[in-house]
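S.K.: If you want the building blocks of each chain, they are given just below.
2 protein chains.
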Amino acid sequence: MAFNGHQCDDESIDEDETPTKQPRSNKEMPGCFINEPKNEAAASAGRATSDRRTSNSTARQRSDSVKKTRPPFPWFGMDIGGTLVKLVYFEPKDITAEEEQEEVENLKSIRRYLTSNTAYGKTGIRDVHLELQDLTLCGRTGNLHFIRFPTHDLPAFLQMGRNKHFSSLHTTLCATGGGAYKFEADFRTMADLQLHKLDELDCLIRGVLYIDSVVSSGPSECYYFENPTDPDRCIQRPYTLENPYPLLLVNIGSGVSILAVYSESNYKRVTGTSLGGGTFLGLCCLLTGCSTFEEALEMASQGESTRVDKLVRDIYGGDYERFGLPGWAVASSFGNMMSKDKRESVSKEDLARATLVTITNNIGSITRMCALNENIERVVFVGNFLRVNTLSMKLLAYAMDYWSKGQLKALFLQHEGYFGAVGALLELLHPS
Amino acid sequence: MAFNGHQCDDESIDEDETPTKQPRSNKEMPGCFINEPKNEAAASAGRATSDRRTSNSTARQRSDSVKKTRPPFPWFGMDIGGTLVKLVYFEPKDITAEEEQEEVENLKSIRRYLTSNTAYGKTGIRDVHLELQDLTLCGRTGNLHFIRFPTHDLPAFLQMGRNKHFSSLHTTLCATGGGAYKFEADFRTMADLQLHKLDELDCLIRGVLYIDSVVSSGPSECYYFENPTDPDRCIQRPYTLENPYPLLLVNIGSGVSILAVYSESNYKRVTGTSLGGGTFLGLCCLLTGCSTFEEALEMASQGESTRVDKLVRDIYGGDYERFGLPGWAVASSFGNMMSKDKRESVSKEDLARATLVTITNNIGSITRMCALNENIERVVFVGNFLRVNTLSMKLLAYAMDYWSKGQLKALFLQHEGYFGAVGALLELLHPS
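First to last, the protein sequences are chains A and B.
Position one of the first sequence corresponds to residue 1 (UniProt numbering), numbered consecutively onward.
Position one of the second sequence corresponds to residue 1 (UniProt numbering), numbered consecutively onward.
Note that these hints are calculated values from the structure, not bench results.
Just so we're clear, the structure is a prediction, and the values are computed from it rather than from any experiment.
All the pointers check out, no bait thrown in.
Derived contacts from chain B toward chain A, CB cut-off under 10 Å, selection only:
no., residue
1, GLU184
2, LEU201
3, VAL270
4, VAL308
5, GLY318
6, ARG368
Yeah, the Cβ is synthetic: ideal placement off N, Cα and C, and Gly gets one too.
Sequences and hints are given; from them, build the entire structure.
M.R.: Structural data, given as structure tokens:
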């Protein structure tokens, strides 16, 4: 599907770009670029499996073609979720003097604003540690920035867009997530912007496959926990997501979607649960008086859930051996809290920890059932619930390993919650 | 397995018992008695599928045999769960004058105490509406009483047993549930009682099949909701649980167990979730300051969960059509509670309702997955979470019907949480 007349070719000639900074990793966008994608997923993600190596003259012709068809700057991809807006922004670093002169002031202003700050307004944040430098996208080299802000601050974002005359740039704003639908009219009326709306699960998968394919040095994009059932020996290890299919993709945002992915274009939403990151934060706010995700996680890290939950051993006095339930397993989440004495003996930190454990284990348990039904052994967990949330990641790694007797592997990705936004950006550059 | 030397024959001669009261229903215990069980389940439950009709002389011989092998009174079955102790007590109504004279005072005292009261201590309750009258059990006719008290009051119960010299009766106390294991030593040391411990899932299934088979008049034991997706036309209807297999049995106590039952003795625990009745009550106590299940339910009945939960329409502005998620579906349970303004605008009743809806829908969702995997269409929900909890039952009926497009049927049983205790009693009378 093409829109706004911008379409990126499958090939590019910009093969001798010189990185201006030490790159975090060596990245190319498969599909737009010269290098072979490093794996099947990348090839699929970029839809460029043939006609890759071309002569210089052909390349030059293509260069002109790319220039004509690639969309004008700025390049954004946006994912408007129930809790957070995720924004990826491509900052070109290969701007020529001629281009610099021609560049309109509004465009410069946006670039400067985004790249010279790491915080925007009161709540916008650029995740600098996730920045992908020296990425080549549609024949241009630059840095990919990852920015997030709460969805309830979208009006302020639109106001900023209006103030910076964003609409004068005639860019296409590719947006996914529920908010692309809910706020479409607001984009039009408040900022004179027309959204190109994209399905969030399509974008998610495209984003995951793309990012995994372009990150080839630096911290591995994909990782897992070795010895997940042994806290003393549990360590993070890189994982190569080669031949990724079939894959169970669990996206933990405000709510949870579980997808069985058989190829980039062949996937199904197996199920979901409404008990997700929004439930954790919502309940924590109610139970502890905290007001941010970071605060909730900090409290959880200091608490003890076994004071709040009723364990198998609290009911059985030990294991429930016949059905393989160990004494330490939770029999009833928050089950101790029906007792006044026990309510009075727990701390807010204990409640935060129990909330985290409850939500995480429930997701883990539903995921295991899906993996079993779909006969899939690799599970990739993404979404912003996992951001700075090692507790939940280790818990998921443990649960997958323990209850499946080592059959299931829990995988995680560095760019946790940004894949939908990346997928939206890819749609701008390379419409499907 | 026999124990204590008491074993009940498969046959009985007491075919001309005269009910002393208008019976709630006409009941026989299959396996011990003359009447044909009304369905296959009953036959299986009683393990008496042959040699049922006998001549008078044979019957008389058997009568003597039954008398010799049936256990002495009192007859109890007990299920000690994480939250509640469930006790079933058989009150013989066919005591002869001779027997009356021979009966020891302790036994009379226990019978009088239990049957002349409907409340015991501060927290013990007899569910009079569930009493099964004129039941014939192992050749004796009487009433089956259903009593419950909180597990944390077990010490008071043991003290009462000690005061009433229960141990002098040399009865076998058949007990199931985790507490049968956890409190075994307490029974011995505090009340000089030896427990015969039984697996709770074995007892549950045996109890379900038995009670369903003996209740043949009065309110149907098994029922469902007709038109579950239309609140105006949704009504409770009797259901005949004939040829019950295969069956998904969902036991919602403090936690939840889901069993796929293929015959009385062939079943498996498919999965479970720690988010059960204990989670509902524990969270409600924390969030609303209530202290009992009844209070929590009353609050929930007056609240509105959509103020607490983030719905699909709150994120999408409407339906998420592509994946069949209607706007009214919950996207993130408690998802609105991360907003300070929204926290301040909800009532305790709203929070109680949201807790109920969250726990119920999560159980419904996991159940649907199990039903799908096991290819089972009938789901029986039991357990004390459903006691006086029409809200959850209708929600489960709705969820099963709506999300399975009418393929799944949610069934409920009048004796909700007592099946484990009934199964324990059956083991006393008819050891497996």
